[in-house]
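Participant: Sequence:
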Amino acid sequence: MSPKDLEKLQHEIASLAKRQGDLEDVVLEVMERREGAAERAAELTGRVASVQAKVDDAVARRDAATATIDAEAATVTKEREVVAGSVPADLIKLYDKVRARSGGVGAARLYQRRCEGCRLELDITELNEVRKAAADEIVRCENCSRILVRTSDSGL
1 MSPKDLEKLQ HEIASLAKRQ GDLEDVVLEV MERREGAAER AAELTGRVAS VQAKVDDAVA
61 RRDAATATID AEAATVTKER EVVAGSVPAD LIKLYDKVRA RSGGVGAARL YQRRCEGCRL
121 ELDITELNEV RKAAADEIVR CENCSRILVR TSDSGL
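All residue numbers for the sequence shown refer to this note's numbering, where the first residue is 1 and numbers rise by one.
Treat the hints with care, as some may be off.
Unchecked claim - For lysine-lysine, the following BS3-like pairs were computed, each having C-alpha atoms within a straight-line distance of at most 27 Å: (1) K93 / K132; (2) K18 / K8; (3) K54 / K97; (4) K78 / K93; (5) K78 / K97; (6) K4 / K18.
The hints are simulated quantities; they were obtained by calculation from the structure and are not laboratory data.
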């Protein structure tokens with residue numbers, strides 16, 4: 001082999017060694033980035049699991065609350081049917097009509113001279129008319145038209 005060929009071969013070996021070093025640097029950089037990405041993925045997976053556990057807990061609480069509400073609604077519906085059976089049909093009809101127009105509340109307690117349906121205080125004239133009414137007479141609030149339920153603490 002000639003000295004020129006030997007020089008070319010040494011130059012090629014040096015060039016390949018440099019190229020190998022550059023590629024090893026790239027591999028190390030890729031491995032570091034991969035390691036960082038794996039750590040981030042593990043962190044995000046843990047966060048997803050934590051959030052999913054919270055979601056599962058919220059769904060379970062919601063389902064339990066819904067079941068409780070459904071049970072209470074069934075009980076109240078049965079109680080209403082029993083009470084409605086002892087109330088005259090014309091009064092039930094009036095109550096349902098007022099309830100449909102008043103956002104689901106057809107009757108309100110008169111408490112300390114105030115209608116608890118509209119939260120307005122009855123003026124003296126209205127209170128006098130309520131006082132004069134017979135115990136079995138239907139009395140309505142002039143402000144909201146709800147049926148007033150008179151109790152011992154009505155302020156009369």
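Participant: Does the alpha-carbon distance linking K54 and K97 stay inside the 27 Å limit?
Facilitator: Since the Cα atoms of K54 and K97 sit roughly 44 Å apart, the hinted pair is violated (cutoff 27 Å).
Participant: Taking only the CA atoms, is the gap from K18 to K8 under or equal to 27 Å?
Facilitator: 15 Å, holds
Participant: Within 27 Å, alpha carbon to alpha carbon, are K4 and K18?
Facilitator: Distance ~21 Å between K4 and K18 Cα, so the pair holds.
Participant: Starting from K93, check that the Cα of K132 is at most 27 Å away, please.
Facilitator: Holds, at roughly 25 Å.
Participant: Hint check: K78 vs K97, CA-CA at most 27 Å. Holds or violated?
Facilitator: Judged against 27 Å, a Cα distance of about 21 Å means the pair holds.
Participant: Taking only the CA atoms, is the gap from K78 to K93 under or equal to 27 Å?
Facilitator: 18 Å, holds
Going down the numbered hints, you'll see the structure goes against just number 3.
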